[in-house]
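Please dock the two separately framed chains into a single complex, following the hints provided.
Protein chains in written order, with the working numbering: chain A, 686 to 1064; chain B, 6 to 251.
Hint data in this document are derived by calculation from the structure and do not stem from the laboratory.
Glycine is no exception: its CB is placed at the ideal position from the N, C-alpha and C atoms.
Everything hinted at is true.
A short list of chain A residues far from chain B (calculated; beta carbon distances all over 12 Å): (1) 695; (2) 805; (3) 828; (4) 900; (5) 935; (6) 950; (7) 955; (8) 987; (9) 990; (10) 1015; (11) 1059.
One side only, chain A facing chain B, incomplete, derived with CB under 10 Å: (12) 755; (13) 756; (14) 765; (15) 766; (16) 907; (17) 912.
Listed next, with one range per pair, are the computed distances between beta-carbon atoms: (18) B:109 x A:1063: 50 to 60 Å; (19) B:91 x A:930: 30 to 40 Å; (20) B:90 x A:878: 31 to 41 Å; (21) A:924 x B:170: 36 to 46 Å; (22) B:10 x A:924: 12 to 22 Å; (23) B:91 x A:880: 30 to 40 Å; (24) A:952 x B:91: 32 to 42 Å; (25) A:940 x B:161: 45 to 55 Å; (26) B:172 x A:919: 25 to 35 Å; (27) A:740 x B:91: 15 to 25 Å; (28) B:170 x A:751: 13 to 23 Å; (29) A:751 x B:183: 37 to 47 Å; (30) B:172 x A:935: 39 to 49 Å.
Chain by chain, the residues run as shown.
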Amino acid sequence: MPTRKIKPYLPPGRYFMQGDEAVAEGAIAAGCRFYAGYPITPASEVILRIERRLREVGGVYFQGEDEIASIAACIGASWTGTKAMTATSGPGFDLMIENLGYAIMTETPLVLVDVQRAGPSTGQAARPSQGDFHQARYASHGDYEIIVLSPWSVQEMFEMGVKAFNLAEKFRTPVIILTDEAVGHLREPLDIPEEVEIFDREHDPSAPPFGMDPENPAPMPLFGDGADLLITGSTHTEWGLRRTRDPETQKKLLTHLMGKIRHHLDEIVEIDEKYMKDAEIALVAYGISARSALEATRRLREKGIKAGFLRLKTIWPFYDELIRNMLKGVAKIFVPEMNIGHLNKELKRVLNIPVISITRIDSTVLTPREIVEKVEEEA
Amino acid sequence: MKDYMEWIRTSVFPTNFCPGCGHGIILKAIAHAMSQLDIDRKKTVFVSGIGCSGWISSPYIKADTLHVTHGRAIAYATGVKLANPELTVIVIGGDGDIASIGGNHLIHAARRNIDLTVIMADNQNYGMTGGQFSPTTPAGAKTTTSPEGFRERPFDMVKLVKSAGAQYVARYTVAHFPQMVNALKKAIKTNGFAFLHFLSTCPTHFGRRNITSDPYEFIQYLRKNSISVSNATEKDYTTKIIIGEF
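Isolated chain B, as found in the complex (with noise of 0.2 Å):
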């Protein structure tokens, strides 16, 4: 097993994400995942859009990197590895990129089941943008956009991607980190596409408004409120966070 740092282009740190931000957290769990499965960096490619998302492989990751433009990651992905499949192609958006204007991208692509994994960062709002709802904000919740409360309902991410064709659906929390690098690389051996819902904090948005502003408590917070698929009852569906693989 090699050094994980390798997979990390420190070159260009700090990171510009928020304090307490989820994401360098997917990032080191990346990072963790590809050094354990001892993949050629050389031969990697990590495509992803625009977003707080999007900063995670572009410009963090060491290996070749796509930073494309808003929901499109998943159609480029598609024809870098069409092209040369020798390539291992990963894409990482956020849930306004890969839920929302690239819905029917994510949706056809596992229905063809492309050889791709793709990791949905969803910080549950549009961060970058000043903390929008998003197709996966949940109901009810406050943001900038819905101050009185989100009156539209969310997706069911995995529900939606396992039932479009995906061979592996898997959802954690940024709370996980384990399980995140263990669904990581079953994801990235999976022949065929591959899907992964990593729920992320964003204090500085929707964690405010919502949860807490302070990292640590909403990293408890996802803790506590998550429950393995194998656990759930039914009403644990509308109340909980319902983690592991689909």
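Same shape as in the complex, but just chain A (with noise of 0.2 Å):
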């Protein structure tokens, strides 16, 4: 089985920790052993605290000449069979798409790390924001499905490391932990648990190296199984061979590359909620304004405001039915967060009830009071 619990390199026990820090210790948890990537604020940190585990496990620490090496550098490395990452911010960001698109087309799995800052641009190096939320999702040009998580804590900074790897290998894609600056520079406790439970792609050196079904991944074989591999960015057939004029095998692949994930909502998306069963407004979050939006909902309850929260851990993709259940009965909802309102934007698209969008854009976490004071102006 693919399956398998392992213990963690870190000894089980109570840390204080990094978001950066513990999101580097999740991917060694996982299994990585490979980080390619190039300074940037504020994910320099997940380099430091990774350098010296890669050393310490035996792994490969690659500084590319920049951000377009680096991703490209862990593309290659993930088809010798280890698991690569990289981490970077908007900047960095932006030159690793062209090779994340790569990666979603030739089903390649890797994790990449977005530490938020604020944009566009050069933006506020150290400042944080919830910007890049779209970015994440429709970044490449051309239709696609990517996975998407949100950690709000440097405890999900750990666990989101492990998971997004787990995911990665399982549906042969890159997976993206989208975090910002508060979160990555925050301090505070860590669990690290006995074991942590890991999945290792399915190695098939035999099997077509692509997958044509309409829902599921394919296995992966490596470089070195004497496969005679053909990967190319281009369109291809399940062996690799490139059909860059035919209808058919453009329509096959597209269908196959979003087919695996969308078949797979259940396994993949996870969304907590508190406090909803009479809730008659919620307040629907996702990272650090998560954080606020929970606080603020347990004030309004205390003021007899029926609040109920709803969290996105994982942000793309999008499920849509599973919102508006979980959203059955409320009335109105209230969406805070660090950009101009880009999951409201989603929420819109989804729900018939009304969205109110709850924003700052001056790079400064959203605040509880500020959360609570708008939701009864507008309650």
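What follows is the structure in structure tokens.
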């Protein structure tokens, strides 16, 4: 079975750690043995921690000449069967997009951590933002699906470090951990468990290297198997042969790339809820904003307002149906986020109840108080 | 010595190179070198990018092949080699791929002296997109984007890569088949970064506008206009193709 339980590298127990460090520890626990990246604020602490750990566990740390080379090296490494990760922030993520598209097209497992900072362009390097919400989903040209996770704590930076690798290996896709400066630089307790569950990709040297099944991922051969692999970013058959003019192959390939994710939403998507049983209104949030939203929900409850709380741990794929079901009976929702209203836009698309955006675009974390005030104004 | 055809993926023949394209000669030289070195085909990875040169290894070489984004082949190859040093990793790219969009990856790989062989199949223009000038187009040459003559200067790729720290550097043309095979063997055996500048023929675009559209004459031209680095005078550096090991 590709699923197994292993002891994490760090002995179990309570640690005090930074978010960026925790995601590096999660990756190491998941079996990441190759890291390629380029220094960038506020993701540089990932590099500092993982360089040390990879030295200790016998992995490879590669500092690329830029972010383009870094993610390219990760993809190369992944095809040797090595679990690979890179971490960056907005300006670096921009540069990685070209090869992110390649990883999607070639169904290459890898993990990309985007520690969001205020943009566009250089913006504010050491200030948080959630402005990459849609970039994480629609970065590359063309049609595809991608998995994007949103941790809200140091604990989840570790846990999603593991989960991201498991999903990447299972669905043969890049997985993005979309965090931000506030969580990345946050220091708080982290509990390392006795063991973590690991999923290793299904390896089959004789099977076609690429999937064409409309619903399921395919097993993956590796360099050195003797399979004479043809791997290309061009439209290809299941054996990797280029078909750059054939409409049927293009359609079949895209259907597979999207279907292998869209048909497994229940396995992939996690949404947390609190106080939803009798909720009349709800706050829907993700990442650092969800921490303020949860506290705001508690305060609203104290004031007698029947507020509920929903947190998207998985942002993409967007599970319309599940969100609709979880918000059944709610008359109005509020969406606090640190951008101009990205999640807000998606929820408006999905729901036919009033959706009210609560935003900050001044690179400052939303406070529970301002969320409460806004809800009271509108409720 | 094994049959060099073992390294060719004949199942995808015929090739889609233009008539008279020199890239097929480079393909054959690689196959010869690989079979003469008796390298384990199953432990060899060829990485190529976008352009006419990308096709030399993908799909025509029978081994593991990675056909990547434009200019990034060396960066991908670096990841492959670092993650599994037992693999022999060879990069093939054109002048656009290696000298232009991928120039940064090239000089950094040379600086790191990573154990890769990089072959630049140089047709001196962007053949696949219609014959635009490239960083190796000679000054004054006519291309579709320099119809009155190329106003810039080309890179001397051999000097560039050598000074960036490459372990083995050589230049030959497709008119020098045995030399190419020999240089390939040396490059692949080099424990460190090796760079091969192979001047190819593009009768379709570059040749037609500057030398000849006749493939045979083009090869003759390359032969006549090349001079070994050991015999070259200072004047030859501006008028001739300097070949040999550097």
